[in-house]
Every structure is written in structure tokens, then in C-alpha cells.
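Engineer: The listed protein sequences correspond, in order, to chains G and B.
Counting from 87, one number per residue, gives the positions in the first sequence under our numbering.
Counting from -12, one number per residue, gives the positions in the second sequence under our numbering.
Hints listed in this document are in silico derivations from the structure and should not be mistaken for laboratory results.
This list has only true hints and no planted wrong ones.
Examples of chain B residues toward chain G, derived with CB under 7 Å:
| no. | residue |
| --- | --- |
| 1 | V66 |
| 2 | E82 |
| 3 | A213 |
| 4 | G214 |
| 5 | V219 |
| 6 | I221 |
| 7 | T222 |
None of the values given here were measured: they were computed from a predicted structure.
Backbone N, C-alpha and C define an ideal beta-carbon position, used for all residues, glycine too.
Letter by letter, the chains look like this.
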Amino acid sequence: MTEAEHPLDQFLRADRLPHIWCPGCGIGIAMRCLVLALEELGRPLDRVVVVSGIGCSARVAGYVRLDGFHTTHGRAIPFATGLKLANPDLTVIVFSGDGDLAAIGGNHLIHAARRNLDLTVICVNNFIYGMTGGQFGPTTPLSARSTTTPYGNFEPPFNLMALVAASGAVYVARWTVFHVRRLITAFQEAIAKKGFSFVEVLSPCPTGYLRRNKLGEAVDMMRYFKANSEIRHGADPAEVGIEMGGKLILGKFVDLERPTYQERMRQQLAAFFVEPYVEKVSEEVEAEEVES
Amino acid sequence: MKRGPAVLTGVHFFNGDVACAEGALAAGCRFFAGYPITPATEIAERMAERLPEVGGTFIQMEDEIASLSAVLGASWAGVKAMTATSGPGFSLMMENLGFGYMTETPCVIVNVQRGGPSTGLPTLVGQGDMMQARWGSHGDYETIVLAPSSAQEMFDLTVTAFNLSERYRLPVLILSDAVIGHITERVIIPPEEEITIVNRKKFTGPREAYLPYLPEEDLVPPMVAAGEGYRVYITGLTHDERGYPSTSPEVQERLVRRLAEKIWRNARDIIRLEERGIEDAEVVLVAYGISARVAYRAMELARAAGRRVGWLRLITVWPFPEERIRDLATRVRAFVVPELNLGQIVREVERCAAGRARTIPVLRPGGAVHDPREILTVIEEVFHD
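I would like the entire structure built from these sequences, with the hints used as guidance.
Structural biologist: Written out as C-alpha cells, the structure reads:
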């Protein structure tokens, strides 16, 4: 007798289950959306790479059945930069958390967006440092309680949408783990987009954030996402900041064309070399893309 | 402008930094990520000019942390990769250096040392990072560190560093110094076919059969690259042979001990020394980098004065040549160790001598090299005792 296979088994390292996430955590939903997006996108999965830093969300790199790199804290983006530049055939997805990407990795985030490297960055924002036990982070709303803001947070949080848009990202979108169909579409668009794309995924952290702030269970956060979200495509990223208990503005805020790092590099170098500088793109890949 | 050759065969007049960049290209390096810092910047500048000529990639990152991250990423894309820095940048790289050892990622890191601590003496020589190179990252690991003494060796040892890094699957460090980086000397680059190139062991079997951390006899696991269809999971967490994280003390023991033993067991293949006048020596000068050249002059002066003095140059500083020093300690009166720091490698010499021979440091905290007569004075004291 053979065990029944889950339709997504080919995408997941089932032998690593159970995962480490707490009941009610939204990271698993975001991971499932990524997998479904990849399934529909039809890219050759052998050339899709997931890179992460440190934290709960960073564990996704080890649960997906793809090449996965679980790197050092905050350094997923520069690691992904090396991978992508050394082999432009790869589809490189950075999947990490708000603390990893925007605090310790903040500098890399803005510079990768400025360069317009062809990377997709998925940022699970649960408003808190989950893995280390609920300390405040760069996206924690004002007045929120955390283990290191016992009297309430008084550091203004980043509006990640404005940060990456101002830095030069060509695709900037925000959804919540309640909006799964939108999320799948956003992941597909972001991966298909040439250049630096960034998707913020709002997600409940029942253990580190909700409990301490008396916001109920994970399901209450999902209800909050449902009741308080307003989809406003094309909204000015500067005006979509998040306040505790306030409205959540979701949607695709930026979708524009700008030459990627490698396109500019090729263009610039072409003027100096008789034989034009051509990045490595195998014929095999081009053929596969034509077929799909 | 046409594409340039990767190996600039011929006789050149290069500074050490340029020779290092040419050595990297000759070794097959096709990716460089770095951040400008004196006195290592010329390596990046040369790579920025030369890599596009050979179809490689140069990127100036936002800092040294990002630089080493990108180098590790490029290595996992299957490309030989390097970064170059100096003291403060080297300090910033320490966490990712540990990641490189834990994930067994081949790459080369050049540290052209200057006087420290902190910003110290950006334009002046120092050798104060010898212990940081050995112990700078957290946890237990073993490393390979090479110390060039000339512009020629900046070329030769950069090739060696790539070969060792590919052979043993780990980051290999080149600890140069401001004088060796900036000294301009004759550098001979041999014909391409005369340069030995080592490439990482690749796994080519079926996907189901591949375990990324299953070592072979030599304790080195064969490698694959991202995108080759093996779907590897690479993590800085303690991991089993599949690469899966584990918190078991047994897995930690097996992994960390292997990382160390792959260097210990192969130490004879890794260690390179140069010796002069050791046979009849009563006193042996032990030195490396620019200090070894000054020490050589001190030996000449001592020999001219009729003193039986030998000279041992550490080309490989780590792993430390324990056997050789232990052996010499049984038949010489003293080791004299000049260093541009307040006593780092001299401790290793003293440890290996273990009281069987005296160990006498001659130390300066950088800024300028020794006067050979300073070293000579110390040698004379041994003979007068």
C-alpha cells in the first residue's frame, strides 16, 4: 500500500514536517501561496532558488523542495545577489521576515532596490521578532507592547512600501495572509517581473504579538484583516503606513519598467568591448521559456 | 578594446594587490564582490577592469558584510569567487566567514593588513589580524591561512588559495600586509598550461542519491551548484548529511569534528614552509609576510658575524606547522619571532617549543617594519646568555 500523496508534496520537503511554526501563524499560508504561484507560473523548478536570512519566516527556505539557502541574519539579499549575478539563469526568491529584511538587513534592502537587481523579495511582516520571543522590530506599530517595549513602543515603524518604492523597486505590493488569491497573483507577478520586486505579506503572530497586545487569537487577526483592509491599487506608497488598530491599505502600489542591474551593466560594457558582453543565458532556458 | 586573456603570461612590474587580482583570474575566479578599503583597494580596482574582459562579474557592494555574502552566493552558483579587504572590513566579515566554514563553501578572502585596532593606520603596515583570522568567527572551526612575502607570491599564493579552497571546500584566507600589497616588483606569470588548477569535487549521480554533507574518504563532501536540479538545502544551522537542521549533540559532534579533521588530517598537504640555514642553526628566526624578508636580512647579518642562525618562513600560517617547530625545538637553543603585532604567532611557537627551546618575541604594533639590526640585537643576546 502506498501512502496517498498530497498534491503539493512535490513542492515541499515532507520529510521535514512537522514545521516549527506556532498554531495560528501565517507563515505557512504565505509559503503555500508561494508554492501555488510557482505551480501556476510553470518556471522550471530546478532553477528556482529560495534564499532566506534568520527568523521564523526564514525557515521557508528549508521546507520547500527547491534549492534553498538559509543564510546569516539580514544577509539573504546580498547572498541572493551573488547567486543571481553568478548565474542569471536562476529565478531567485528571497523569503524572509520584517526584522531580518528591514532591521539588520535594511541597508542591503535599499541598495538592492536601488540597483534594481532581478530578485523577488517576499517579506512576511508580523510586526514583531517572533523567533527570539516577541521583541519589537522595525515594523512594530507605535504603542504596541513587546518584551523590549514593556511600556509600549515609541519608535516610529518603517512603512516598507514607501521605503522600497523610494529606493527604486519596480514592483511593490502588500497583501495579508487572509487574501490568499491576491497573494498568489502578487507572487506570480513579482516573480515574473524583471527587476527588484517586493511583496509585503501581513501575517498574525499569535504568540509574540497578539497575545501580548491582547488582540485575541490568530482568527481574530484574520477577521481584522478582513474587516479593516481596503484595496487601493496605485496608492501613493508614502500614504499606506500602518497604525495599530487602523485601516490596512492593500494592493499593488508600484509596477513600472526600469532597466535591471544586469541590463545596465551589459549596455555599459558593450561600448567598451568589440565582442559585446553577454551574460550567460543558456539556449536550453530560452527554449523552455518559449515552450511555457 | 577586445576581450583580454585570463592569464597574462609574461614578465610584469606589478604591485602585490594587482598581482593578487591576476592570480585570482589565472586560478579561474570569475566573481568579485568587495568594498573599497586601504590598502586592499587596488585588488578591487584591478578586478573591476579585468573581470568584464574575461566574462566575469565585478560588483561593488554596500559594505563588507554584503561583499562576503555575495561571494558565498556566487560560489553556490558554481563560480569561483573572491573578496578583498583590510582589518576593519575583515572584522565585519567574521559572521559570514563562519557561515562559509559551516556550509563548506569554497571562496578566497584577502586581508591586506594595516595597523590597528579600529581604523588604526590605514596606509601603514601591520600584522595584527593573525589571530582574528584563526579565531575571529564564533564556534569551533579550522581554517587555512596563507601569508605572501612578495608581489610574486601575491600571484602564486592566490592561485594556491583557490586550489586549496576548492580542494577542501572552505573559505581560504590570504593574510597579506600593506607593504606586500603596495610593493611593486617583478612578477612572472607562467603560461596558462603550467598553472595547476584544482576544481571542487562535483557530484554527478542521481538526485535521490545526493547527500550534500556526506563526506568521502578525505572528509570532503562532493558539491553541486544551485540550479543543477539537486534541490539542496544549505543552512548555517548544525545539519546532518542531508543538510537538514538538527539540535542533536551527536550531529553537532559529527559535523564540527569533521570540519576540523578535514584540515587536521590533511595538514601535511596544506602546510608550506620555506627554510634557510636550518641544518646547523642554533637560533631560528620564525617569521611570515613582510617581516620574513626583514628577518632574512637579519639572518644574513648574523651569519656574516659568524652566528649560526637559520630562517623559517611560514607560508601557511594556519594550520600551524606544529610538527616542524616541535622537531626543531629539540635541537636549537632559541626561536626568535619578529612580528608586526604585540605577540600573536609567537605564542604558537612558544606552545610548540614547550620549554625545550627559548622563544623570544621581537614585536612592533605596526606602522613600520623592523630594522634588521633590532632583530640582530636579540639574536646576539641569545649567544651572550
